[in-house]
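Please model the complete structure; the sequences and the hints are all you need to start from.
Quick note on the numbering used here: the sequence shown kicks off at 1 and runs consecutively.
Heads up, some of the hints might be wrong.
As the list claims (entries may be wrong) - DMTMM-like, lysine to aspartate or glutamate: derived pairs with alpha carbons at most 20 Å apart:
1) LYS144 to GLU125
2) LYS58 to GLU86
3) LYS81 to GLU372
4) LYS44 to ASP250
5) LYS54 to GLU86
6) LYS275 to ASP28
7) LYS275 to GLU299
8) LYS48 to GLU340
9) LYS144 to GLU86
10) LYS336 to ASP280
11) LYS58 to GLU96
12) LYS106 to GLU86
13) LYS58 to GLU329
If you're looking for bench data, these hints aren't it; they were derived computationally from the structure.
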Amino acid sequence: MRSRIAVLLGAILGSAWMMLAPAQAKDDAAVAYQITPAHDGHAKTTLKRSLVQKWVRKFGGSVSYPLIANGMVFVTVPNSKKYGDELFAINLNTGEVVWKNVIHSKSWGATAAYDNGRVFVVNPEGVLQAFSADATGTLQWSVKLRGQYAFSAPPMAVNGQVFVGGAGSGGTLYAVDQATGALNWSVGVENGEDSSPAFGDGGIYVTYPCQYYKFSPKSGALLWNPPSSCDGGGGATPAYHSGRLYSPQDQVILDAGTGATVGSLGTNIVPAFSKTSDGDHQFALVSGNLTATDLATGEVLWSFAGDRGLITPPIVVGSLVAVGSQFGEIYLVNAKTGSEVWSANAGASIQGRGDPLPGLSAAEGMLIVPAENLLVAYGPAN
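Written out as structure tokens, the structure reads:
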């Protein structure tokens, strides 16, 4: 009897611990804008070549890029009744809302990132909040990032810190402790708008007009900022891949070690990347066409036009590339040949930019597509 009671008590305590402890994301989670902290658009999951629509969820406003982790989808949506946004946690398999939290603000446009069992949300005024990414959605902490008043760039979370860019009076990059909300460091930059920090090669990167930066994640020390005679408003999220930083802001490619310009990107939309036994490839929207480029030779391997309305930054999912059209079409293309493998219509226009920031996402064998006020999930027939 005692042994049975002990086993039962252990099971109860174990379940309680699982509910209280931060949920660790699976390897194929989508944790940031463009899937990863590097913003390289590379999903670590696979998709069936023939997908079916699993569910559709309708909201009161446009839907942000989705985060996917541990069977949940997290999106922000403008509050339809007043200023501010709502953070939704949705069951990945059923589309049912598990919980929602109000993100108070004087405007719309909250953005989010995931790491280590928490969802981090920053509102347009710079209030950064951490929520439990479990069935409760409990608010763990809330802090105001001081010194700036315009926060348009999505946060990025990695290795125990949350990185946020802010603007208003010049610009500031902030590093915040994930567990406590304490500010670890902050540094000034030229501008601070629209560039979600990217992680790779031991650095944190942000890019603005004529201004490109790499900082130490631990200390905030400046690692490089190439000399420039100009600056300006705005910015763009860069992507890190294989020792290079790809900046859509000025369509440049930088050496991640030195900051030297080593090439031209040829697009103002962040690309996606895949490095396999078949080679090292970039996938980008160029003049409205999805193109594949061999990074070793610079050769354009193929071009895919779709319905002539392609608009989203592409993402790579195994041997497939996913891209969306402003006419609502979503395509899967063979990454090696450029041939169309599958397509479907999401039921509303798919956007590449906007407020909140949209974007495709894939994890745990599912493709998640925001289309105006719809969130649409595609997965295997079984």
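key: Violated constraints from the hint list, given by number and in increasing order   = Those not satisfied are hints 4 and 5.
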